[in-house]
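*Asks:* These are the residues of each chain, in order.
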Amino acid sequence: GAVVSQHPSWVICKSGTSVKIECRSLDFQATTMFWYRQFPKQSLMLMATSNEGSKATYEQGVEKDKFLINHASLTLSTLTVTSAHPEDSSFYICSASTPTGGYTFGSGTRLTVV
Amino acid sequence: QQPVQSPQAVILREGEDAVINCSSSKALYSVHWYRQKHGEAPVFLMILLKGGEQKGHEKISASFNEKKQQSSLYLTASQLSYSGTYFCGLAGGGGTSYGKLTFGQGTILTVHP
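Heads up: the protein sequence lines correspond to chains A and B, in order.
Residue numbers are given in our numbering: position 76 of the first sequence equals residue 67, and the series is strictly consecutive.
With the second sequence counted from 1, adding 932 to any position gets you our numbering.
Honestly, the hints are just simulated from the structure, not real lab data.
All C-beta atoms, glycine included, are put in the ideal place defined by N, C-alpha and C.
Among the clues, some could well be false.
Okay, the calculated beta carbon distance ranges per label pair [claimed, not checked]:
id, chain 1, residue 1, chain 2, residue 2, range
1, A, SER64, B, GLU946, 44 to 52 Å
2, A, VAL105, B, TYR1006, 39 to 47 Å
3, B, ARG945, A, GLN20, 43 to 51 Å
4, A, PHE30, B, LYS1000, 41 to 49 Å
5, B, ASN997, A, ASN61, 36 to 44 Å
6, B, HIS1044, A, GLU54, 38 to 46 Å
7, B, ASN997, A, SER0, 32 to 40 Å
8, B, TYR1006, A, THR91, 20 to 28 Å
9, B, ILE943, A, THR71, 38 to 46 Å
Let the sequences and hints guide you as you build the complete structure.
*Replies:* As structure tokens, this is what we get:
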């Protein structure tokens, strides 16, 4: 139980275009989801907290206009990287707290901007 | 503030034991441990709540010392499948920190046959 489905798994896009990443909680309701970014051989850095029906809360230094987060339902949160640039290339992962108290992660999206 | 993990990397032979430590300068509400394989998302191992509890699952266990603001992950009789990067995630208390996990820098564990 407590599965989060994330897609796409990987995406290559051209500089200047936008990319949308989806995370769905399959068997539970996730009122809050968290979006992380991970660069190679580094830790996961929290980007923002996504709350169903309200605005996301961004961590310091994360551009809210560049990383648009929408949490329109209890099972779906999306992250849109707008006007992507090569420096946005990274591994993006969502997570949600589970009914049992832990956190479950999506499978991650590897974004490459060329 | 990011918790500090030690060691940064450890190499074992199958059957050997390892301890990974995680310490914080801030008061802790709970500690989460995850293992991440290369190119994959982290996988939840266990959560420890304040109160000095110790948890275990087969040959992997963990302790949480609230006073010392640190947690340790114990891997006994390591198996090849234990290889990966281990992260501790620390959850703050209430307010704006609620639910947020701050991850340590990771400990790379490699188990050889």
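*Asks:* Range first: 44 to 52 Å. Now tell me if the beta carbons of SER64 of chain A and GLU946 of chain B are that far apart.
*Replies:* Holds: the Cβ-Cβ distance is about 46 Å, inside 44 to 52 Å.
*Asks:* Tell me if the beta carbons of TYR1006 of chain B and THR91 of chain A are separated by a distance inside 20 to 28 Å.
*Replies:* holds, 22 Å
*Asks:* Range hint 38 to 46 Å: satisfied by the CB atoms of HIS1044 of chain B and GLU54 of chain A?
*Replies:* holds, 43 Å
*Asks:* At the C-beta level, are ARG945 of chain B and GLN20 of chain A separated by a distance inside 43 to 51 Å?
*Replies:* Hint holds: Cβ distance 45 Å, inside 43 to 51 Å.
*Asks:* Tell me if the beta carbons of VAL105 of chain A and TYR1006 of chain B are separated by a distance inside 39 to 47 Å.
*Replies:* Holds, at about 44 Å.
*Asks:* Can you tell me whether the CB distance of ASN997 of chain B to ASN61 of chain A sits inside 36 to 44 Å?
*Replies:* This hint holds: roughly 40 Å between Cβ atoms.
*Asks:* Is the distance from the Cβ of PHE30 of chain A to the Cβ of LYS1000 of chain B consistent with 41 to 49 Å?
*Replies:* violated, 30 Å
*Asks:* Return holds or violated for the Cβ distance of ILE943 of chain B and THR71 of chain A against the range 38 to 46 Å.
*Replies:* holds, 41 Å
*Asks:* Check the following: the C-beta atoms of ASN997 of chain B and SER0 of chain A are separated by a distance inside 32 to 40 Å.
*Replies:* holds, 39 Å
Checked against the numbered hints listed earlier, the structure breaks hint 4 alone; every other hint is satisfied.
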